[in-house]
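Asks: Heads up: the protein sequence lines correspond to chains X and A, in order. When we follow my numbering, the leftmost residue of the first sequence carries the number 195, and every step to the right adds one. When we follow my numbering, the leftmost residue of the second sequence carries the number 7, and every step to the right adds one.
FYI, nobody ran anything at the bench for these hints, they're computed from the structure. Ideal Cβ placement from N, Cα and C applies to all residues, glycine included. A couple of the hints might just be wrong.
Claimed, not checked - Taking lysine-lysine pairs in the PhoX-like style, the calculated list, with each CA pair at most 20 Å apart, reads: (1) A:Lys487 with A:Lys526; (2) A:Lys526 with A:Lys682; (3) A:Lys146 with A:Lys182; (4) X:Lys214 with A:Lys419; (5) A:Lys146 with X:Lys214; (6) A:Lys244 with X:Lys214; (7) A:Lys571 with A:Lys551.
Claimed, not checked - Computed footprint of chain A on chain X, listed as stretches where at least three residues anywhere in the stretch have a Cβ under 8 Å from a Cβ of chain A: (8) 227-235; (9) 241-255.
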Amino acid sequence: MTPGETAVISGFSDDQISVKLLEMGFLPGTAVRFNFTAPLGDPVCVSVSGYDLSLRLEEASSIMILN
Amino acid sequence: MNGDPKITVALTGKPNSGKSSLFNRLTGLNQKIGNFPGVTVDKRTGICQLDDHTSAEIIDLPGTYSLYPRTLDEKVVAEVFTDPKGKFYPDKVVLVADATNLKNCLLLLTQLIDLRLPTVLALNMVDLAAKSGQSIDIKKLEEQLDVPVVMINARNGTGIEKLRNILVGPIKPSAKTIYKSDNETRPLIDAIKSKYNLTSDYEAYQFLQQAENLMFLSKEDREYIRAYAKQNNFFVHKYQGAETVMRYGFIQDLLNKVILRSSNEGWKRISYGIDRVLTHKVFGYIIFFLILFLIFQSIFAWAQIPMDFIDSTFAQLSNKLDEVFPAGPFFELVSHGIVPGVGGILIFIPQIAILFAFISVLEETGYMSRVVFLMDKIMRKFGLSGKSVVPLMSGWACAIPAIMATRTIENWKDRLITIFVTPLMSCSARLPVFTILVALIIPDYKVLGFFNYQGLVLMGLYLLGFLAALFSAIVLKFFVKVKERSYLIMEMPTYKMPKWSNVGLQIVEKTKTFVFQAGKTILAISIILYVLASYGPADEMNAAKETVRKEVEGQNISEQQIQDKIAAYKLEHSYAGQLGKVLEPMIKPLGYDWKIGIALVTSFAAREVFVGTIATIYSIGSAEDQPTIKQRLRSEVNPDTGGPRYTMAVGLSLLVFYTFAMQCVSTLAVVKRETKGWKWPMIQLAYMTTLAYLSAFAIFQLLR
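Next comes chain A alone, as it looks inside the complex:
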């Protein structure tokens, strides 16, 4: 020991009790986000200097009402607290309680006491409780629970110093026992307790209750305990209900003693007035859609400026590196593969930051639960939940932050379906592809004087994606089977002002998660695609310059045009080019040739790459030059028919293909992260590609 002993402190408590605010208070920017092993639950940890000699690793556990999990995230809590040998088993526990609603918060505390965990009760929002005419006898509360109690205000920092001091000193577990086994359960508890060498009765009881959730037990042990419980008539639900009633009995007794003056304001709340407007039949929806509109606008408009900046910075960096570096495959990989790859990850940051700024404000104020309240019934018809609304709508801007936002959906099935259908919402990356193709094939005239025909088609494409998402959700509803039932037992917190530092930290956290966890996959795949598009069989690639120069000999064209032609030749003969040709027989029924095939292959990384690839392959040089691209595409001839290549049928078929196809590596990487494995992203890729292929096929065959 070098004078800096480190202890582990777990923060726990029910959702909305101010746990995150306290965590941010204690750790500041010293936070790390990881995963609990084996599950997709975010593990937030941070370091807190308790005094000159002691620092603590603070673990922020998912908010929960009791040890019995209702969501995937909450399973972690029971696991952490019942595994004394586990990596995350805390030396000390801080239970954060909302003083305005103490009864509910104490349920988990009584369970921790029974597990013999050294716990501190941190009473948050005491000021609010006092305002509503309620004061708490802290001394008596400490006495009755045999647990140290400290009053804090996580929002302004009052009492944090005191909490730190308590955590430095020794904390002994409470001597109270709240759960008492009865004649039916006692023999079972004793048997499990001695078999697994457990310290408390309640730990053994937890094994019996939910062995299947305790992943630190071996598979055999879990099965053994389950079978044992079943054989001996251990009725999980019955006992759990009885336990909860017993605990609330204790808590009610306790509150009768410690709450000095209970208010008699009864059911009246200021929040009701606000609710009357925000959940109104008409205004409720109008306000909600206005807020949604604002979110879109900001993602579209405000994010564009930093995105363009990132884009041009990386393009310049790439060019700079070309000048500085000597020629060679390694340096080209760096300047044309890795640098644009990193740029391709960073470019999403503005959208992610803006979306999560809004989402966390909505959550902090308590409005989010009203959105769920408003939309739940409609969304359930489609196999989704009220909590799917915001992620789905955000998908119109970008699927990456949208899929990350599905975290708020507790039920796994609802969340999975939402993740699955979100990429069908037409994101902003489809826009460049849409605009160039729509401009190419749809005549530019006005309907009824002001409706722009091209605009109508564009809107139709968005609508098409939206309908496909809803339809897919209905289909998926029948295929995804999960054991857990869908609940919506959700607290409606009172409205309050957001705490801006929490909003800021949430933005930082989400951005970090994206960059470091999804970023790896995105970078790897963009490098692979870069290699595919730049390398090919050696002799053909090496001969590119001479072949092209020979071809153009005698023709009067500029050096720039020759360079463009060389680039086109190289792309045609690269592995990606070869792949495009291999694909040709398959995509011919959709009306595409191998040139479009190459664009399909390269734009697998990201849809907007389509435009750049088309520019290269038709040797246009710059993708910025949209009128030139349009001109060139218009004059492209289909050798089979002698007519133009890009007919109405081909154009529409391509548009529909891009509406439905997955074509986004980053989305796949995020889905992989959120679903913990390649299974769902692969199913999603297969489903969307099939849907895209079949629809494009149908369109082309019908229209040609």
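One chain only, chain X, in its complex shape:
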């Protein structure tokens, strides 16, 4: 995904992290928007369920999206 893009979450590739991500509102079927990255490319800022979060690339890449 590139900054500004919006996508729909389809699932997760990491069991352990997915539990935390689910709690924060990253639910399969919801929209997630990639807002911008930190100056060094990691972490990234995303919007989900109506608020902003920062994720490390490692965590963000465990979110699978529909496309």
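Assemble chain A onto chain X, guided by the hints.
Replies: For chain A alone, coordinates are given in the frame of chain X:
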């Protein structure tokens, strides 16, 4: 009962939901900070008068998104809520929710409902939600959840009165059940529920999910439940994921019914505009370093005035007491041991207060999470996290508040490494030692016209400490093993103005924590060191006056000089002095003699004591008189070589030693408090002392 029944009310909710503001609103200055037993989590409690007859003890629990902990602090929450026999089990619970982001806040609420806890939902920031075009049907929300709902504004106090009234009356637990066990989990839940006599299915489910976190269970019980869950294929992560999805399903349904007019402003926020500047490739870092610079400047400059005031007040008090008290060991202990000891604790208050004023403003405005966002990648290379930046940089002012500031780091490993390396950042207490030694051995001339040679060396020492901190962090990264993974799933709150009373209360809280918890250890050790430096074998100490007077007989020197000589003699023959002599063979390879040895021993309490001890031991009288000390040190002769004692090699070796050595009781006391035990402060002491010794050894041997 004497007409004043007391109930326990727990405040809970996700971070940034306004929980602390509400806590401050309810309790005012009636707050106490303690610890939850067995963990380093701060327990904030306070008393709130609900009406004329009822008062409540309010417990402010750590902010959490759900009962499943992601940090050490959050473990407490699940423990408190699943232990009905526990000391902190609340009679009533207030869940503080951020109305602008209701979905997220309700997750924990649905868990509390399943635990059958009598809960009130306090909707905060309703005004902000309305501004963004969202209004909530409170009646329907109450109906659907079967939980009383009250709209509050924790910032200006609206709705607090109503909340109090609700808390006075009876609250019955919601009759709803959101979590429903399936065929796979039902038999397990039933078994655990009947074995431990639990009231709700969900409590039994929590036992199965995280028995290892529930410390009120006995060790055998915890192991039994874990083994039982494993045997019967209770898949922790799978079920937890399914549960969360189930709960959000319920919440989404609910929100569809109660949110009247959802805004369609979509992804656009005012905050983005600010973020574009504050997290910009160039400006982001420039602004951050400017803010850091401002923090340092204030800690260095503004704190100096109150610190000098505390310093001189206690020195005067000490002298006053000498005049008032009759002579005797007890009174001397009071005036020279305890009074300066207490002064040595209080002197840190200005720095702590200023640092936490800044930190809490940064947190309140939401800027702190941007700092983490900016710095995370760089810091991770060194085994640290983005949240380590502020504590590390604050270490340049003083390690005490800096280590206290590591509280914001959630991951235990990241936090431990940060605590471990922070004392290597050259703090302001090293400055007096540095300046006197640099002035002594480094010639005062300019390089390239304006670079002062002495200034360059001083800067080099700061850089050396910084590099040592980073290097140690890398090394430690491989040694510290923890089970938890490092996450950075962090909310980026929208920018807002800080609430000044929260800032004030945070300052008061941190200062109190330091004075009452670390202060005890500092006082105890400074008294021990005082005794070591003032007492010695009785006959030698008693003979001090006569011996010195005999020595100087016939010489033409003033009474003051005789007194100084007596003090020097006493210090030399005290236990600390003896220790210095015992140390001599060990520190000789570093180029030091027993006199420096004594200074090393006494300055273990605090580095700056080095200067005072050197002054006493060379019978200079006043430590204020820096030129005299310099003169005296310069003329000190090394009996082995016949040359001066303080050569370039010895001076540099001492400088490096003080850059690396722990030499600060207060830091050890704070580390002990923050890591809950002597293990880490002792490892840290050993590591830093070894590093200091070996580097000083290498420097001296290479240069001499």
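Asks: Flag every earlier hint the structure violates by its number, smallest first.
Replies: Of the numbered hints, 1 and 5 do not hold.
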